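From just these sequences and the hints, can you work out the full model?
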Amino acid sequence: MSELITSFWQTYNTLFYTTFVHGMLALSIYITLSCGQLSLGNAAFMGIGAYTATLLTMKAGAPFGVSLIAGGFLPAVVALIIGIPTLRLSGVYLAMATLGFGEVVRVVILNMEITGGSLGLNGVPLKTELWHLILVMGILIYFFIKLRNSRFGRILEAINEDEVAASVMGIRATYYKVWAFAIGAFIAGVAGGLNAHFTFFISPREYGFEPAVDILTFAVLGGTRTLWGPLAGSTILTILPELFRFLGPYRLALNGIILVLVVLYLPNGIINRDTFTNLRRFFKKEENA
Amino acid sequence: MLKGENITKDFGGLRVLGDVSFEVKEGSIFGLIGPNGAGKTTVFNIISGLLKPTAGRVIFNGKDITKRPPYEITSYGISRTFQNIRVFKEMTLLENVLVGMHRLFSYSAFSMFFDLPIKRSEEKALREKAFEILSIVRLTDKADLKAESLSYGEQRKLELARALATEPKLLLIDEPAAGMNPAETEELMEEIVHINGKGYTICLIEHDMKVVMGICSHIAVLNFGELIAEGSPDEIKANPEVIEAYLGKEEQSA
Numbered sequence: 001m002s003e004l005i006t007s008f009w010q011t012y013n014t015l016f017y018t019t020f021v022h023g024m025l026a027l028s029i030y031i032t033l034s035c036g037q038l039s040l041g042n043a044a045f046m047g048i049g050a051y052t053a054t055l056l057t058m059k060a061g062a063p064f065g066v067s068l069i070a071g072g073f074l075p076a077v078v079a080l081i082i083g084i085p086t087l088r089l090s091g092v093y094l095a096m097a098t099l100g101f102g103e104v105v106r107v108v109i110l111n112m113e114i115t116g117g118s119l120g121l122n123g124v125p126l127k128t129e130l131w132h133l134i135l136v137m138g139i140l141i142y143f144f145i146k147l148r149n150s151r152f153g154r155i156l157e158a159i160n161e162d163e164v165a166a167s168v169m170g171i172r173a174t175y176y177k178v179w180a181f182a183i184g185a186f187i188a189g190v191a192g193g194l195n196a197h198f199t200f201f202i203s204p205r206e207y208g209f210e211p212a213v214d215i216l217t218f219a220v221l222g223g224t225r226t227l228w229g230p231l232a233g234s235t236i237l238t239i240l241p242e243l244f245r246f247l248g249p250y251r252l253a254l255n256g257i258i259l260v261l262v263v264l265y266l267p268n269g270i271i272n273r274d275t276f277t278n279l280r281r282f283f284k285k286e287e288n289a
Numbered sequence: 290m291l292k293g294e295n296i297t298k299d300f301g302g303l304r305v306l307g308d309v310s311f312e313v314k315e316g317s318i319f320g321l322i323g324p325n326g327a328g329k330t331t332v333f334n335i336i337s338g339l340l341k342p343t344a345g346r347v348i349f350n351g352k353d354i355t356k357r358p359p360y361e362i363t364s365y366g367i368s369r370t371f372q373n374i375r376v377f378k379e380m381t382l383l384e385n386v387l388v389g390m391h392r393l394f395s396y397s398a399f400s401m402f403f404d405l406p407i408k409r410s411e412e413k414a415l416r417e418k419a420f421e422i423l424s425i426v427r428l429t430d431k432a433d434l435k436a437e438s439l440s441y442g443e444q445r446k447l448e449l450a451r452a453l454a455t456e457p458k459l460l461l462i463d464e465p466a467a468g469m470n471p472a473e474t475e476e477l478m479e480e481i482v483h484i485n486g487k488g489y490t491i492c493l494i495e496h497d498m499k500v501v502m503g504i505c506s507h508i509a510v511l512n513f514g515e516l517i518a519e520g521s522p523d524e525i526k527a528n529p530e531v532i533e534a535y536l537g538k539e540e541q542s543a
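Each protein sequence line maps, in turn, to chains A and B. Taken in order, the first sequence gives residues 1 to 289; the numbers are from the working numbering. Taken in order, the second sequence gives residues 290 to 543; the numbers are from the working numbering.
FYI, nobody ran anything at the bench for these hints, they're computed from the structure. These numbers were taken from a predicted model, which means no experiment stands behind them. Accuracy of the hints is not assured; some may be wrong.
Which stretches of chain B does chain A cover? Using the computed rule of at least three CB atoms under 8 Å from a CB of chain A, they are [said to hold, decoys possible]:
#1 318-332
#2 364-376
#3 379-385
#4 388-397
Some chain B residues judged to face chain A by a derived CB distance under 8 Å, without partners named [claimed, not checked]:
#5 Leu339
#6 Thr343
#7 Pro359
#8 Tyr360
#9 Thr455
The C-beta atom is built at its ideal place from N, Cα and C for all residues, glycine as well.
See the structure below:
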């Protein structure tokens, strides 16, 4: 029995780790979405974080914790710099600008020597352990719960619902949007650092257009109204392709089909704000019946 | 208290406001009236900083606020409501008012994260205050409902409460009676007089002359972007130009 568990873990621990990382990425886009900003730059921020953390570990021999935190800070600083001009844009224009930024980052990484160019970096020390992931995820969930019932959470939501009305309430929308963007970049960067230290290998193509869209998909599928939505979305979309491995290459089409179904029938995502209230009501009715 | 000096606003080639000047006296209820499309809301948008005038200045308590952004103008003590209600629909009534109280909060993100006593006491005190503000418009019993569940008239009241929460000296109210029945309108007008009695200066846009006549001490009339009359309600009522703007030119009739 214990052998079975060991072999199961050996086969699937990467999947398990990846689920955590994807969850963090989903939360990184959730914070910008929760103030109404569609940013597609989070894959690039993840890349900046991954390379920063990896280079610090490999070339400078920095302790893992230092690498991770630096891998969060650098993307956050970049986000503050590019956020100030771009967050005056809205909707699809911001999406375009951040997508363009992502390409810039990818091309820069591709052409720098220290990053190993298109070959990427090989032999990243395996330092990420399960408890690191659980700890970081725990902190994130705690942060988002605290945020929701604070003045900052209300500000983000007000900006999301009606930016003009929020500004007339004395809220400096751009300021908070830039911070939300930077916090998202920080989370994505840390996720990138954690990810790099268990995949052994990183290359620029992992942080390009496709992962940028994947991250958005996590949030859209799960719902962007509560923090549990993006987490549910990322978990489903990470684990499902493994469950349907027998479908071979077609299994990725399944993700597409699920996304279409959710957008059509649950436009607010799998988990929206009323989900928990409705569930509670449902179970109460059962009891009464 | 508030002065508009020769305000002109063009949208492209279209002149929406032409050389409009007015003054709102402290403690008064000032009425800005005129037919649809006269430019009343544009005046509000310029005062609150959502639009910049093509020419002219807005002076508030001796300070030129013409080029200031909306959040800054709010901090000087001007707040407003919108003609097409803009409450935060997915938030509760209490949260709506708390957003309005944005400037009164001071705790940091650090104290938020660690749930420090300063954060808890501030939230508690300001929540109580938000309740008080809701009680001004008699909505405390619905404090925890989402704003979208309110009736039209209640949403207007909530918007008023939210505007009061910013602790304004001057309150700009844009067509509060739009879409209300006569009974609701009357109740609302009493509400506005009541708020004025608490020391808030009020500037009111209204489309319906009757509504305004009863409560305003001073009225300005806009028509096609031009100020055509100004004065006390009685003067306005007797002004032939105003009558013409509202009813059309009088022909010889019985």
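Against the structure, the hints:
no., hint, in the structure
1, 318-332, "violated (count 0)"
2, 364-376, "holds (count 6)"
3, 379-385, "holds (count 3)"
4, 388-397, "holds (count 6)"
5, Leu339, "holds (7 Å)"
6, Thr343, "violated (21 Å)"
7, Pro359, "holds (4 Å)"
8, Tyr360, "holds (5 Å)"
9, Thr455, "holds (6 Å)"
In terms of the numbered hints stated before, the structure departs from hints 1 and 6, listed from lowest to highest.
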